[in-house]
Amino acid sequence: MKPVFQHQLLSSFYLWFDSYLMRKGEAYETFTSDFYYYSDTRFPDKVVFGSPYKQFVADKSIDSAVVIESVSGDGVEYTRGVSGLIIDYDNGRVMFDEGFPTGTNISGTYSVKNFNTYISNQNEEQLILEGKYESNSRYTRTLTNIKPYDQVTPAAFLSIESLNNQPFALGGEDNTIAQGKAVVFAENMYELDGILSIFNDSNKEVFANVPFTGVPLNEYGDIKTSQYPNGYNYTGLASNYPNDIYLIDNTMVSKFSDRIKKVLEPSLYVGFIDFEIHKYRFPRL
Amino acid sequence: MPSITYRKRDLMKLYVIPELNKLHLTAEWKKTVRTRAEKAMRSVRNKFIQSFLNHPISREIDMGPNGYNLSGTLKGYSNLFGFIGFYEDEKPIKVLKAILMEYEIKIVSRNGYTDVKIDVPTKDKIYKATPLPWARGRSWVKAMETGLSGFGMYITSDHEESRSGEGIQANRKIRSGKFTNTGYLSELLNEYYKNVKNLEDRYTK
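Chains as they are written, first to last, in the working numbering: chain A, 1 to 285; chain B, 1 to 205.
Derived from the structure by calculation, the hints contain no laboratory data. Be careful, since some hints might not be right.
Residues from chain B shown here face chain A by an in silico Cβ test under 8 Å; the list is partial [stated by the list, open to error]:
(1) Arg-7
(2) Gly-76
(3) Thr-122
(4) Trp-134
(5) Ala-135
(6) Arg-138
(7) Gly-147
(8) Ser-149
(9) Gly-150
(10) Phe-151
Ideal placement from N, C-alpha and C gives every residue a C-beta, glycine not left out.
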């Protein structure tokens, strides 16, 4: 199936949410740390070194965030492609070609998002009650790598709950109203209040309808260098689509009440962000 | 003596219309317009309130913790009062009805013109006044239409601190997947707003 409206909306929403949070809230931390060797059965022909954190910031439009593009190993600087270096921004790690010495002391400087961002298909109850997430605290120092692939907190889980086409203008133009949702897991009240406040103020913002192929990371979690030879820059990408936009017509933010939190005992601070997203389009053309 | 002929239109313009225009500024005129608009508005409002109270969702919630799933939104299991997580002694429909009952008629008269404006509760105001018990920024009224998680069912079984007696007793495995969202207040409000607008147009002269 070819990518259709909802695919494009979800990926555009994800890219905007991620960038907006970091841009408006400076929601990232910069670390210099060692990377720790481990083997990954999914990539038996790669030598993998993981950092203690994920997800790395890959967006160059975020001022003063460090987008990692190289690491050092025993005093040698390795840039992307050297010894097959791949930077996996999603899993917070680097990978080298087979044969790279596993005992090399790899280190690097990188910025990590304050909130990992995931696209989710689970409903709120599954996320809150059944999700046993590993914590990837940004405040404690861990001297080992974070496990790849698992979803970790603090995090925001995004989904598009529903779509509804309302007649808008003569000639077949509709207003497609989408209900976007983010369930947020924060480590503390400060973080939760911060993210809720940022997105409460995103009312009436617009974001670009980025093509489905515009997603910047490839199957390794690295930047698609053929598409983004100078690195990924969200605001630069979005500016290519000035007339193809979504409007956030309304936002509502809410905290999971303390009373029910006491009963269910989720270890994290939970909040909800509801977005009403409008897009004027010709769905039948 | 030459005869002078006046056209009817000129006479109206010279003598009748100025007198009629002055009428708009009299207290008697305003009082009459207000009385008539009030009467018509009460009728429109009462019809709307009746349709709101007769809606299956309103009736089900109004039955309180001992009601049954009249609206079918939970596939017949449990009831919305417990699913939403209201306290046993809460009267959410009464609170909502009190908001929906509100209206204010404003009459602005100028020379030759009377403008009737009727303020009724907006959707935003209604949503803000109907918070979900477990997420105060969300509205249970809106959630009926957009979808609702079943956190209300996970309230403590400690009766001293409980919310809905029904929610505590009921099957705790009910999940949001079991809730089917359906049209509720939006449809009724859209019709109400349309009728109020017609009324404004009828009494604006």
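(request) Please flag the earlier hints that this structure goes against, numbers listed from lowest up. (result) 1, 2 and 3
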